[in-house]
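Since the structure of chain A is already known, use the hints to place chain B on it.
For the protein sequence lines, the chains are A and B, in the order given.
With positions in the first sequence counted from 1, the corresponding number in the working numbering is that position plus 33.
With positions in the second sequence counted from 1, the corresponding number in the working numbering is that position plus 33.
Among the hints, a few may not be true.
Repeated chains share a single entry, so a pair holds when one copy, or any two copies, can fit it.
Calculated lysine to aspartate or glutamate pairs in the EDC-like style (CA-CA distance at most 16 Å, straight line) [claimed, not checked]: (1) K142 <-> E303; (2) K331 <-> E201; (3) K144 <-> E303; (4) K143 <-> D342; (5) K169 <-> E140; (6) K142 <-> D265.
Quick caveat, the hints were computed from the structure, so don't treat them as lab data.
Protein chains: 2
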Amino acid sequence: MTILPSFSDIQTAHDRIRPFIHRTPVLTSKSINQIVGAELFFKCENFQKVGAFKFRGACNSVLALSDEEAKKGVCTHSSGNHAAALALAARMRGIPAYIVMPENAPEIKKKAVAGYGAQITFCEPTLAARESTLKKVAAETGATEIHPYNYFNVICGQGTAAKELIEETGQLDILMAPVGGGGLLSGTAISAKAMLPNVRVIAAEPAGADDAFRSFQSKTLQPSVNPKTIADGLLTSLGSLTFPIIQNEVDQIVTVSEESIIAAMRMIWERMKIIIEPSSAVPLAAILENKVDVKGKKVGIILSGGNVDLGRLPF
Amino acid sequence: MTILPSFSDIQTAHDRIRPFIHRTPVLTSKSINQIVGAELFFKCENFQKVGAFKFRGACNSVLALSDEEAKKGVCTHSSGNHAAALALAARMRGIPAYIVMPENAPEIKKKAVAGYGAQITFCEPTLAARESTLKKVAAETGATEIHPYNYFNVICGQGTAAKELIEETGQLDILMAPVGGGGLLSGTAISAKAMLPNVRVIAAEPAGADDAFRSFQSKTLQPSVNPKTIADGLLTSLGSLTFPIIQNEVDQIVTVSEESIIAAMRMIWERMKIIIEPSSAVPLAAILENKVDVKGKKVGIILSGGNVDLGRLPF
Chain A
34 MTILPSFSDI QTAHDRIRPF IHRTPVLTSK SINQIVGAEL FFKCENFQKV GAFKFRGACN
94 SVLALSDEEA KKGVCTHSSG NHAAALALAA RMRGIPAYIV MPENAPEIKK KAVAGYGAQI
154 TFCEPTLAAR ESTLKKVAAE TGATEIHPYN YFNVICGQGT AAKELIEETG QLDILMAPVG
214 GGGLLSGTAI SAKAMLPNVR VIAAEPAGAD DAFRSFQSKT LQPSVNPKTI ADGLLTSLGS
274 LTFPIIQNEV DQIVTVSEES IIAAMRMIWE RMKIIIEPSS AVPLAAILEN KVDVKGKKVG
334 IILSGGNVDL GRLPF
Chain B
34 MTILPSFSDI QTAHDRIRPF IHRTPVLTSK SINQIVGAEL FFKCENFQKV GAFKFRGACN
94 SVLALSDEEA KKGVCTHSSG NHAAALALAA RMRGIPAYIV MPENAPEIKK KAVAGYGAQI
154 TFCEPTLAAR ESTLKKVAAE TGATEIHPYN YFNVICGQGT AAKELIEETG QLDILMAPVG
214 GGGLLSGTAI SAKAMLPNVR VIAAEPAGAD DAFRSFQSKT LQPSVNPKTI ADGLLTSLGS
274 LTFPIIQNEV DQIVTVSEES IIAAMRMIWE RMKIIIEPSS AVPLAAILEN KVDVKGKKVG
334 IILSGGNVDL GRLPF
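Looking at chain A on its own, in the form it has when it is part of the complex:
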């Protein structure tokens, strides 16, 4: 039987990573509140180290290793925020990080990961090549594989963002997060349900990458097939750990259009003067589409990150 994380595991994670993470601010916007007729509380993980909540889970996973395990290092395949987060967490513990990246990954991402001191192995840009290359790297080095989301200590780390948010806001009627692989969402849901018994946890997902929505509706894990969305952090499928947590703890999953994601992203940039990546805008997009009834309610929203390519903006 698989053991799923509980809130006490998230508390342990928080105690472990607290000295190393930023306690990110919770921001509000009077003008967005007026537009939506609710009180929104944005947890700003775009200000987290490496620019995304991913550092919480990576940091927790690296710090939870025994000295024996740690000295052999950690590895993963990723071209995104998790790779940078794992590289930084490993450097902070003084251990090696081995990152498998597709050879066609953007230069800027290769540089970022290399800049955090990781050893990069390039492979062909297919999932099969990524997985087989990672297997080889792990076998050669003895490094511990840290999956981007389907990993106990990653989920526990991600849950600390919602924990901090609720510590600051107190009672919330609704707590929203975007969903990709479900690491952030499952950690968020565990914290929310433990801390606020009456809160509704609602996930938002791009209609163009709606595997979590379909899995949730059908109660069977559905793969993400040819996902297409500007929210490039949300292309992945749920995993064997994240799916059961989401089934148990999440109240609703809603989908949104690309147009709404871009409009919500622009609204946050213009009104709040902060930079968020498209994935962060998905919950507000759901509110703007009236997929979630927020009128008069207190709503927490996790802004997942702020890493965007300024040369390729959708406005």
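Frame of chain A; chain B shown alone:
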């Protein structure tokens, strides 16, 4: 003899406007500090009401009016942040604001000012038309003209940003601000020199709009002739109040290229995940151009605002 503001006038202004303004955060960036080899403290007026420091001066000016004056309202000609700031300040006091705008002002700016409840009078897009239209409006309404920068209480209000910054940071070696008409710079310099006797106050200006630099060097007020810069808040010339303050209180004015302004703006967007307008990036641009020696020093920088047209970004 013209009476110039002193620090006690800025203290009075601060007491007056404190309940109405945002006390904006002071942010730091480890990675920018590493790049420049200094400790930079950014005062984030991009998070101020209406998205710019201009609200401080407008608010102070509106609140300083007698009831008699106030009930006739305030007026100005501006198509920028000052117009929005004055409109909001007037609405908060419940008095009329009359704004003269060129008929070719961007729709988004017309809407913003109208959204704050101001009465807009359009005119031909020449300085002569703006001034004569404003004169007419003032004569008809009896409204008090609040100049965007060459106005005692505006300067006092703008000086409260530096005051808050220094209250937070304590000792600074250098304090930097951009310079356009000099309202922000002169208020900043008065606060800095009163609070930190050994601080160097350094202004940064686009080379394409270098009237303040030329005025400072030649010790004679020089007009801004055909200024051209992406930093659209810095196109104006110094005034009869701001120039003598700057002569007395500012240590140095440096100029920077357009390329450096864009690079500095991008650096702040990417590394700090906050949105600033080009004018805000001018002091960091001067540091990146090595126009200011900051190595090992504590440097305060006023980020003037965050109002940018996302449809026309320079990246």
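Consistency of the hints with the structure:
no.: 1; hint: K142 <-> E303; verdict: between (26 Å within a copy, 13 Å between copies)
no.: 2; hint: K331 <-> E201; verdict: within (13 Å within a copy, 32 Å between copies)
no.: 3; hint: K144 <-> E303; verdict: between (29 Å within a copy, 14 Å between copies)
no.: 4; hint: K143 <-> D342; verdict: within (14 Å within a copy, 30 Å between copies)
no.: 5; hint: K169 <-> E140; verdict: neither (24 Å within a copy, 59 Å between copies)
no.: 6; hint: K142 <-> D265; verdict: within (13 Å within a copy, 33 Å between copies)
Hint 5 from the list above is the single one not met by this structure.
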